[in-house]
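Starting from the given sequences, assemble the full structure and let the hints guide the process.
Residue numbers (my numbering), protein chains in the order written: chain U, 38 to 340; chain G, 31 to 175.
Please keep in mind that the hints were generated in silico from the structure rather than gathered at the bench. Hints may contain errors.
[What the hints assert, rightly or not] Partner residues are not named here, just some residues of chain U that face chain G (Cβ under 10 Å, in silico):
#, residue
1, ASN135
2, LEU170
3, ALA197
4, LEU201
5, VAL205
6, ILE220
7, GLU222
8, ASN234
9, GLY279
10, ASN283
11, GLN304
[As the list claims (entries may be wrong)] Distance condition first, Cα-Cα at most 30 Å in a straight line; then the derived BS3-like pairs of lysine-lysine:
#, chain 1, residue 1, chain 2, residue 2
12, G, LYS93, U, LYS171
13, U, LYS280, U, LYS114
14, U, LYS256, U, LYS148
15, U, LYS280, G, LYS93
16, U, LYS82, U, LYS171
17, G, LYS76, U, LYS253
18, U, LYS113, U, LYS171
19, U, LYS171, G, LYS49
20, U, LYS153, U, LYS251
21, G, LYS93, G, LYS76
22, U, LYS82, U, LYS253
23, U, LYS256, U, LYS114
As the structure is a prediction and not an experimental result, all values here were calculated from the model. Beta carbons: idealized from backbone N, C-alpha and C, even for Gly.
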Amino acid sequence: MQVFNKKRIIILSLLLVVVHNQISAQGCSDAGFCTIPLRPAAASKNNIQTELAYLQGEENTSLATVSVSYSRQLSKKLQWDHKLVLAYINGNYGSVFNLGDYYSTLRYGIKTASGKTIHLLGGVKLPFNQSNLKIGNVSLPMVYQTSLGTYDLIAGAAFAAGKLDMNVAFQLPVIQHNRNSFIMEQAPLPGAFPTTNLFRRKADVLWRVGYPLKLKKGKWNFNPNLLAIYHLGEDSYENVFGKRENIDGSSGLTLNANLQMSYRINQRRSLQLSLATPFVVRDARPDGLTRSFVASVSYQFGW
Amino acid sequence: MKIIACFFCAVIGLAACTKESDALRTAIQNSNPPVTAPLPVQPALKRGVFYPTSGIQVMGVVKIIQQSAGLQVQLDSFSVSPGPDLKVYLSSAAMPGNHLNLGNLQSNTGTQYYNIPAGTNLSAYPFVLIHCQQYNHLFGYASLQ
Numbered sequence: 038m039q040v041f042n043k044k045r046i047i048i049l050s051l052l053l054v055v056v057h058n059q060i061s062a063q064g065c066s067d068a069g070f071c072t073i074p075l076r077p078a079a080a081s082k083n084n085i086q087t088e089l090a091y092l093q094g095e096e097n098t099s100l101a102t103v104s105v106s107y108s109r110q111l112s113k114k115l116q117w118d119h120k121l122v123l124a125y126i127n128g129n130y131g132s133v134f135n136l137g138d139y140y141s142t143l144r145y146g147i148k149t150a151s152g153k154t155i156h157l158l159g160g161v162k163l164p165f166n167q168s169n170l171k172i173g174n175v176s177l178p179m180v181y182q183t184s185l186g187t188y189d190l191i192a193g194a195a196f197a198a199g200k201l202d203m204n205v206a207f208q209l210p211v212i213q214h215n216r217n218s219f220i221m222e223q224a225p226l227p228g229a230f231p232t233t234n235l236f237r238r239k240a241d242v243l244w245r246v247g248y249p250l251k252l253k254k255g256k257w258n259f260n261p262n263l264l265a266i267y268h269l270g271e272d273s274y275e276n277v278f279g280k281r282e283n284i285d286g287s288s289g290l291t292l293n294a295n296l297q298m299s300y301r302i303n304q305r306r307s308l309q310l311s312l313a314t315p316f317v318v319r320d321a322r323p324d325g326l327t328r329s330f331v332a333s334v335s336y337q338f339g340w
Numbered sequence: 031m032k033i034i035a036c037f038f039c040a041v042i043g044l045a046a047c048t049k050e051s052d053a054l055r056t057a058i059q060n061s062n063p064p065v066t067a068p069l070p071v072q073p074a075l076k077r078g079v080f081y082p083t084s085g086i087q088v089m090g091v092v093k094i095i096q097q098s099a100g101l102q103v104q105l106d107s108f109s110v111s112p113g114p115d116l117k118v119y120l121s122s123a124a125m126p127g128n129h130l131n132l133g134n135l136q137s138n139t140g141t142q143y144y145n146i147p148a149g150t151n152l153s154a155y156p157f158v159l160i161h162c163q164q165y166n167h168l169f170g171y172a173s174l175q
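Now the structure itself:
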C-alpha cells in the first residue's frame, strides 16, 4: 500500500466533486453487485457492517438505503457473507419503502506461487419482491422498485497487480422474476421513464481498478478507483400487444469514479465513506439503476 | 449487537410503505373526475357479459362506446374478486396471448372507462379479459357481440 499525504488526498476528493457537478448520468447500483466487497474487510472471525447510502436517481428521484451485512470466517481461507438491503425511494410519483435484495456469498482465499493471495467469490442474489411495487393502483417505473426482481448468480475475484487493486465480477440473472407493469403510454405523470412491463434483464461484468493509499499514521486508508460495468446485451419488455421488444441502447459500458476512505478506530472497529459518480453511460438505462451520485457511510465491527 | 438486531427488525416491520405525491394525486383526480351529473348514455357498439374463471367471482357488463376522444371500453355494474395486479385486455381469444393491454383495472367495483388506442382494429379483439399479470391468472372474460 502506498503512503500518501493529506494534500494530495484533498485534491483527489475535490476532483471527484468537480467531475460530479459536470455530469449527470448512470452510476453504480444499490441493487447490483458493485456494492459487494470482493476482498475480506477485516480479520475478525465475525463481522457486522451497517451501511447508510444516499443516491441521486433520474427524474428527480432520490434514494436512501440501509443495509446490514454479516460475515463469518468459516476457516482460514473461507468466509461466508450475508447482506440485506432496505430502500427508501422518493420522487415525482411519491415515496416507496421496502425490502430490496438478499445476498449470500462465499469467499475463498488462495495463495499463488509468488505468495500473493487471490480472493475468489461466488454467491447468489435473491429478490424480496417482483419489482412491481405500486403507489395505490399506479404501476411504477423501475427506479422506484427496491429490487430488480431477478435471482442472480455472482462470481468474482480480487487480486493485487503491482500497486493496483483489481476486482473482476460477473452477475448473471438466472431466474427472471420481474413482473413490473409500468407502461409509458399509460403513465399518469409525464416523464422519460421507458416501458418496463415484464422487464427482462441481461448479465453484467464488472471491473474495478483501485490504487490503495495509506496515511503515514496508519489509521486512514484511501482507495480511489475506477469501476467499469459492461451490460452484456439489450434488456427487453413486453409491449401493450403482448409482444417482447428489445430496448435499443441498453447494452454497453458504464464507467464510474469512486473514492473509498476508511478509518480504523481500533483492531475490530472501522468507519468507511464512499463517494461515486459516473462519467461514461449507456444510451438507455431502463433498469432504474441510474445514479448521478452515490455517497455511503458504513460502520463495521468484529469479534 | 442486540440493539442493531432490534433496530433492523423494527425497520423491516415498518417496511412496505408507499405514499403518493400531490402531483400523482392531482393527475389521478384529473383522469377520473368525480361524477356530479349523470353521464350521457352512449349507445354500445358492442357489448358482452363477464364470466368468472374457477375460484373467482366476477359480474357485470362490458360495452364498447364511442366518445368524442375516441373508442372506450366501459365496465358497467362491475365487480370482481381482489387481485394484486389486475389488467383489462382486449383479446383475440378468451385467454391472454394475442391481446391489447388497456391498463390497470381502476377499481374492483363500479362503472369505469378505458381508452382504446386510435387505429385499433376492434374486429381482431372479440373478447375483454380481466387478467392478473403478476401471477398470470385469468380472472374473467366477456365475449363482445
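Here is how each hint holds up against the structure:
1. ASN135: This hint holds: ASN135 of chain U lies near chain G, its Cβ roughly 5 Å from the closest one there, short of 10 Å.
2. LEU170: holds (7 Å)
3. ALA197: violated (33 Å)
4. LEU201: violated (35 Å)
5. VAL205: violated (31 Å)
6. ILE220: OK, holds: ILE220 of chain U within 10 Å of chain G, min 7 Å.
7. GLU222: holds (8 Å)
8. ASN234: Hint on ASN234 of chain U: holds, closest Cβ of chain G at ~7 Å, below 10 Å.
9. GLY279: Where the cut-off is 10 Å and the nearest Cβ of chain G is about 5 Å from GLY279 of chain U, the hint holds.
10. ASN283: violated (19 Å)
11. GLN304: violated (17 Å)
12. G:LYS93 to U:LYS171: Since the Cα atoms of LYS93 of chain G and LYS171 of chain U sit roughly 28 Å apart, the hinted pair holds (cutoff 30 Å).
13. U:LYS280 to U:LYS114: violated (49 Å)
14. U:LYS256 to U:LYS148: Holds, at about 27 Å.
15. U:LYS280 to G:LYS93: Measuring from Cα to Cα gives roughly 26 Å; hence the hint holds.
16. U:LYS82 to U:LYS171: violated (41 Å)
17. G:LYS76 to U:LYS253: violated (82 Å)
18. U:LYS113 to U:LYS171: With a Cα-Cα distance of about 46 Å, the restraint between LYS113 of chain U and LYS171 of chain U is violated, given a limit of 30 Å.
19. U:LYS171 to G:LYS49: holds (10 Å)
20. U:LYS153 to U:LYS251: holds (19 Å)
21. G:LYS93 to G:LYS76: This hinted pair holds, its Cα atoms lying about 6 Å apart.
22. U:LYS82 to U:LYS253: Status holds; Cα separation ~27 Å.
23. U:LYS256 to U:LYS114: holds (26 Å)
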